[in-house]
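A.B. asks: Hey, can you work out the whole structure from these sequences and the hints?
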Amino acid sequence: RQYSCLSNDRGGIADDLVVYRMQHEDEHHYVLVVNASNIAKDWDWIQGQNRFDAKLENISDHMSLLAVQGPKALDTLQPLFQEDLSAMTYYTAQYAEMKGVGLVLISTTGYTGAGGFEVYVPNPHVEKAWNAVMEHGAAHGIKPCG
Numbered sequence: 090r091q092y093s094c095l096s097n098d099r100g101g102i103a104d105d106l107v108v109y110r111m112q113h114e115d116e117h118h119y120v121l122v123v124n125a126s127n128i129a130k131d132w133d134w135i136q137g138q139n140r141f142d143a144k145l146e147n148i149s150d151h152m153s154l155l156a157v158q159g160p161k162a163l164d165t166l167q168p169l170f171q172e173d174l175s176a177m178t179y180y181t182a183q184y185a186e187m188k189g190v191g192l193v194l195i196s197t198t199g200y201t202g203a204g205g206f207e208v209y210v211p212n213p214h215v216e217k218a219w220n221a222v223m224e225h226g227a228a229h230g231i232k233p234c235g
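Letter by letter, the sequence shown follows residues 90 to 235 in the numbering used here.
Hint data in this document are derived by calculation from the structure and do not stem from the laboratory. Keep in mind that the hints are not guaranteed to be accurate.
Using C-beta positions, here's what the derived DEER-type ranges look like [unchecked claim]:
hint: 1; residue 1: A143; residue 2: N97; range: 14 to 24 Å
hint: 2; residue 1: Q91; residue 2: F141; range: 17 to 27 Å
hint: 3; residue 1: S149; residue 2: C94; range: 17 to 27 Å
hint: 4; residue 1: P168; residue 2: A125; range: 21 to 31 Å
hint: 5; residue 1: E146; residue 2: S93; range: 16 to 26 Å
hint: 6; residue 1: P233; residue 2: P168; range: 16 to 26 Å
hint: 7; residue 1: M223; residue 2: Q138; range: 39 to 49 Å
hint: 8; residue 1: S126; residue 2: P211; range: 16 to 26 Å
hint: 9; residue 1: G189; residue 2: N97; range: 38 to 48 Å
In silico lysine-lysine, BS3-like type, Cα no more than 27 Å apart, as pairs [what the hints assert, rightly or not]:
hint: 10; residue 1: K161; residue 2: K217
hint: 11; residue 1: K188; residue 2: K232
hint: 12; residue 1: K232; residue 2: K217
hint: 13; residue 1: K188; residue 2: K161
hint: 14; residue 1: K217; residue 2: K188
hint: 15; residue 1: K232; residue 2: K161
hint: 16; residue 1: K144; residue 2: K130
Glycine included, C-beta positions come from ideal geometry on N, C-alpha and C.
C.D. replies: See below:
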């Protein structure tokens, strides 16, 4: 995992992003999380720099992000996962089964400064994930924003 920058051809910064080296089953791959407003620009740049014929796939249009932030984020999400989310250190990510939803990518990242998680959910399952988060978060005063 690495908070990093995407540099342009002059060595300047085109965008900031998070890079995760992930393993799913026996396959290693990288996940780049860029700013939503820069997806098209960043994707074009990355494709143009692919000098090693690496397999690139932009799944942005197929995924949704639920950011569950604040001091009650762990209490809200833990009942939805078998994995011990408290064992995840800051700026890490893992694939995990979300109860009633399926496989998601969950990370201990966010921009609020209050700690929390970001859950990357395949679009067909995001409504179920949203409802589960809101239901389990109700006891902790969860409020939607953004």
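A.B. asks: All the hints need checking, so say for each whether the structure fits it.
C.D. replies: We went through each hint and held it up to the structure:
About 19 Å separates the C-beta atoms of A143 and N97, a value consistent with the hinted range of 14 to 24 Å. Between Q91 and F141, the C-beta spacing of about 19 Å keeps the proposed range 17 to 27 Å intact. Checking the proposed 17 to 27 Å range against S149 and C94 shows it holds: the Cβ atoms sit about 19 Å from each other. About 28 Å separates the C-beta atoms of P168 and A125, a value consistent with the hinted range of 21 to 31 Å.
For E146 paired with S93, a C-beta distance near 19 Å keeps the hint of 16 to 26 Å intact. A hinted range of 16 to 26 Å holds for the C-beta pair P233 and P168, which are about 19 Å apart. Range check, M223 to Q138: Cβ separation about 40 Å, and the 39 to 49 Å hint holds. For the hinted restraint 16 to 26 Å between S126 and P211, the CB-CB distance of approximately 22 Å keeps it satisfied.
Checked against the hint of 38 to 48 Å, the C-beta distance between G189 and N97 comes to roughly 43 Å, which is consistent with it. At roughly 20 Å between alpha-carbon atoms, K161 and K217 fall within 27 Å of each other, so this suggested pair holds. For the proposed pair K188 and K232, the alpha carbon gap of about 21 Å is at most 27 Å, so the pair holds. The hinted pair formed by K232 and K217 meets the criterion: a straight-line CA distance of about 17 Å does not exceed 27 Å.
A distance of roughly 19 Å separates the Cα atoms of K188 and K161; the hinted pair therefore holds under the 27 Å criterion. Straight-line distance between C-alpha atoms of K217 and K188 comes to about 10 Å, which keeps the hinted pair within the 27 Å bound. For the given pair, K232 sits about 11 Å from K161 by alpha-carbon distance, which is consistent with the 27 Å threshold. Between K144 and K130, the direct Cα distance comes to roughly 18 Å. Compliance with the 27 Å bound is thereby established for this hinted pair.
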